[in-house]
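Chemist: In case you want the letters, here they are:
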Amino acid sequence: MTDSPSSGLSRRRFLTSSGTIGALALAGCTQNTSRDGDGGSADSGSDGLSGQVIIKGSSTVFPISDAMAEAFMDEHGSVNVTVDSTGSGGGFENWFCPGDSDINGASRPITDAEVEQCSSNDVEPVEFEIAGDALTVAVNNDADWVDCLTFEELRQIWSDEAGVTNWSDVRDEWPDMEIERYGPASTSGTFDYFNGNVVGEDTEHTTEYQPTEEDETIVQGIRDNEGGMGYFGFAYYNSNSEAVKAVEVKAENDDECTPPSLANAKDGSYPLARPLFLYVAESALQTEAVSEFIRFYLEQAETDVVQDIGYVPSSAEQRDENLEKLDEIAG
Amino acid sequence: MATRKPETGWHGENSDVNHLRGRAFEATCLALTAFGLVSVMLLLLFVANDAFRPLSADVGWLATYAVTVVVPLAALAVYYYRLDEPAGEVAYVASGLPVVGLLLTGGFAVLFTELLSVLEWFALLISLVAAAGLIVAHGRLRPKAALERLVVVLLAPVVTVFGLPPTRFNWLVTDAAAALGLDFGLYYRVISLREAIMLLPFVPTDWVMLLLTLVLPAAGAAGWFVEQRRESRRDGLAVVGLTTVAAVLGVVAGPLLGIGADVWLLVVTFAVLPLGVYVEGVLRRGEGVRGLAFPVVAVLGVVAGSLITGALGFAGPDPWLDWGFLTSATSRTAADAGIYPSMVGSVMMIIVIVLTAFPVGVGAAIYLEEYAPSQGLMGKFVTLIEINIGNLAGVPSVVYGLLGLALFIRVLQWPQGSIIVAGLAVGLLILPIVIISAQEAIRSVPDSFRQASYGMGATRWQTIRQVVLPEALPGILTGTILALGRAIGETAPLLMIGAAASVRLAPNSFFDVGSMMPRQIFSWSSELEPAFRHGVLAAGVITLLAVLLVMNATAIVIRNRYQRTG
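Protein chains in written order, with our numbering: chain A, 1 to 331; chain B, 332 to 897.
Derived from the structure by calculation, the hints contain no laboratory data. Using N, Cα and C, we set each Cβ at its ideal position, and we do this for glycine too. Heads up, a few of these hints could be off.
Unchecked claim - With a Cα cut of at most 25 Å, we get these calculated SDA-like pairs of lysine to any residue:
| id | chain 1 | residue 1 | chain 2 | residue 2 |
| --- | --- | --- | --- | --- |
| 1 | A | Lys250 | A | Gly196 |
| 2 | A | Lys245 | B | Asp506 |
| 3 | A | Lys245 | B | Ser856 |
| 4 | A | Lys266 | A | Thr303 |
| 5 | A | Lys325 | A | Glu299 |
| 6 | A | Lys245 | B | Ala862 |
| 7 | A | Lys266 | A | Lys325 |
| 8 | A | Lys245 | A | Arg171 |
| 9 | A | Lys245 | A | Thr165 |
| 10 | A | Lys266 | A | Glu317 |
| 11 | A | Lys245 | B | Pro861 |
Claimed, not checked - So these bits of chain A aren't anywhere near chain B, every CB distance computed over 10 Å:
| id | residue |
| --- | --- |
| 12 | Asp100 |
| 13 | Asp122 |
| 14 | Gly163 |
| 15 | Asn197 |
| 16 | Glu214 |
| 17 | Glu288 |
With the sequences and hints as input, model every part of the structure.
Modeler: Next comes the structure, spelled out in structure tokens:
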């Protein structure tokens, strides 16, 4: 841009600007380069701990992990903890076992096939039980006919074997209205848990339902359809308790109907109470960022943080056991 | 001619023409247009209402701003539309220019805080200038050596920016040469100019470096422009001088007003200077001068409004989309949630796309239009390729995400969810669009231009470089910017390459894990709390839309300019 045809101009401009610059430079406008030259992006609260923690996995565990990540990053501003919800199985298969993530949240224990897949990539999963959940079966607010369901009835509704399409197929006195089923996708740990414990290992979970990875969508589906029904983690019911109606559940006909609640999940009276897990790659635990984060996580998992989100916090013994395991592995 | 009767009957002969079908068709078209526009408008109003929550303000607050801002601006707009159309255009540009300038300022501010320090930028720029100097010097010294110059053009930037390859590579070459009986003596690595500057014990302060690398070049360009327009060297120099004075004054006075020196210099470069040059142009032409009142009235109205509401104690609205939202990371509490890290991620992703898809796409378009054979068997093959590029433009974006996952993450083992992978995956997605629009632009250059150039003895390369590309460039830019607008809103590829749902640190390098705006918006949509799904989500959508609108507006302005001069 200084390639102007008249050379006098560029010389004059050069003189003007270089004169200005020279004056400024003389005024002491230099700095020592020994200052930290990282662009000054690391904000406060960093105590030297830095690195990256990648969490994938269950959408049920996601709210806990996300809250933990936020609290942890308030203290350690340079550790980048990223959280994603991919479903328990999806997380194991696509990210954790190939070695692309450090931590996988799961709403069911890891399966043998997944352990095998992980070990074929030299990923050794370490299991921590961090919280409890009361898997909640919900129906539309206007579905005043149904208050309590047995496992047998749930099995009829959620498998194709009994050929149930309408509510009246389950109990004769119920209305002749189609059951609109909404549930988690098959990559979800919630699906696996429900399939294994309610529908039964030998029975196929129905495919005649709206599967989704977003629990929010299930709630919306149930809310908007009078014949709607679905299941998801308690936290999603907890924050949507006005929108849908939770159904009481009993395992056997002789049992008592129990509503889903954190107290009932804690004392074991709710039949669909289940533990939530965190799986950490053993190699990742050797890095300081991951092991510090997990330590923080396990300590906080016993506090009200978990309760506020809508899950059962782990007990003090559980926490101590977890921390012991962590010390053993991380050293 | 007027007396000759038509031989065949025409519809007007017998007066039973039925207009009903035509009218019905027209009415249907109108209804469809109205339906589409109204539903989109309603949706946007709904989202904007959620994001800004204007109804949460006091009535007095709304009334005050209606009187100080909305009414005067509406009156001005009506006046421009009815009586002074050129002024309307001036008002449009004069209000839009500062907005775009401030957005650019924000972009560069983010660049300097997250990506590279001012010193790194300074060193990089000086090295590039040195490389350009080398190339020019070579051209002067050996004007005939074309092949040699090609080597210089390719190597000079590499050497000044990157230096010689790592030591180990040098040893390898030297050892290999020694085995052949040659002695290169390349045992030590020569560092680049860029690295040398970085190692200097004392360098100018950040603002001096910014002044040298951004403000002065921009001022020089503006000065040259004004000088050409006014044919007065003194005026050109005045622009340079005024800009420098304004920049230095701001640096000195800025701390008193709470404006950082670096930010002020960026504002001068990207907002004040372009606006000044534009205003100068308007005043010189003397056409539509009244349009300049529009931004002035807007600013005065806002100032007056804030003074009045402050004095009378009217509470403003409590919008989701506020400064805190733009500058903080996402959070579990809706009120604290922000979009900053994903905005940085989007900006860096766009940088990757511009640096990769743009050159590749334009290069391909030039080849296909100017060089590729159009006849014979090879011509058929080229046609086949062009058809396939057209098809690729229609491939669903999730497929490009899968391609990115397979290619960059599984094969190349780049970090999943990183900026570079996201940028390349989305870059692949818009590549066909860039190629097609660039082809259109190149095709629209009249063939007579090329013939004239050839007729004057120019070679094909000279014709393309001096005639075709300058003519086609505005069209190419328009198409590319529109494609970038699509790229910034893509979500599916980001999900496939594992961009995480919540990322709380802005990426510092292209290989960092990052989030992007659409990904962040998607993860808010599945949050537990309704406040996320309504408020925070809407604020995110409006932010993304604002960026998109600015990009599209830029494209339109470039196109208009092109159509007028071309």
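Chemist: Next step is simple, just say for each hint if it's right about the structure.
Modeler: A quick look at each hint next to the structure:
Between Lys250(A) and Gly196(A) the CA atoms are separated by roughly 16 Å; this keeps the pair inside 25 Å, and the hint holds. With a C-alpha separation of about 78 Å, the suggested pairing of Lys245(A) with Asp506(B) is violated against the 25 Å cut-off. With a CA separation close to 22 Å, the supplied pair Lys245(A) and Ser856(B) stays within the 25 Å bound. In summary, the hint linking Lys266(A) to Thr303(A) is supported, as the alpha carbons are separated by about 14 Å, within the 25 Å threshold.
Restraint check for Lys325(A) and Glu299(A): satisfied, since their Cα atoms lie roughly 13 Å apart, inside the 25 Å limit. The suggested pairing of Lys245(A) with Ala862(B) holds, with an alpha-carbon distance near 21 Å, which does not exceed 25 Å. For the hint linking Lys266(A) to Lys325(A), the alpha-carbon distance of about 23 Å falls within 25 Å, and the restraint holds. With a C-alpha separation of about 19 Å, the suggested pairing of Lys245(A) with Arg171(A) holds against the 25 Å cut-off.
For the suggested pair Lys245(A) and Thr165(A), the alpha carbons sit about 20 Å apart, so the restraint of at most 25 Å is met. Straight-line distance between C-alpha atoms of Lys266(A) and Glu317(A) comes to about 14 Å, which keeps the hinted pair within the 25 Å bound. At most 25 Å may separate the alpha-carbon atoms for a hinted pair to count; Lys245(A) and Pro861(B) meet this at roughly 17 Å. Distance to chain B contradicts Asp100(A) as a non-interface residue, since its nearest Cβ pair spans about 5 Å, not more than 10 Å.
Here Asp122(A) stays apart from chain B, with its beta-carbon at least about 15 Å from theirs, past the 10 Å limit. Separation of Gly163(A) from chain B is adequate, the least Cβ-Cβ distance of about 33 Å exceeding the 10 Å criterion. At the 10 Å boundary, the C-beta of Asn197(A) stays outside the reach of chain B, the nearest C-beta of that chain being 24 Å off. At the 10 Å boundary, the C-beta of Glu214(A) falls inside the reach of chain B, the nearest C-beta of that chain being 4 Å off.
With a least beta-carbon separation of about 17 Å from chain B, Glu288(A) lies farther than 10 Å from that chain, consistent with its non-interface assignment.
When held up to the earlier numbered hints, the structure conflicts with 2, 12, 16 and fits the remainder.
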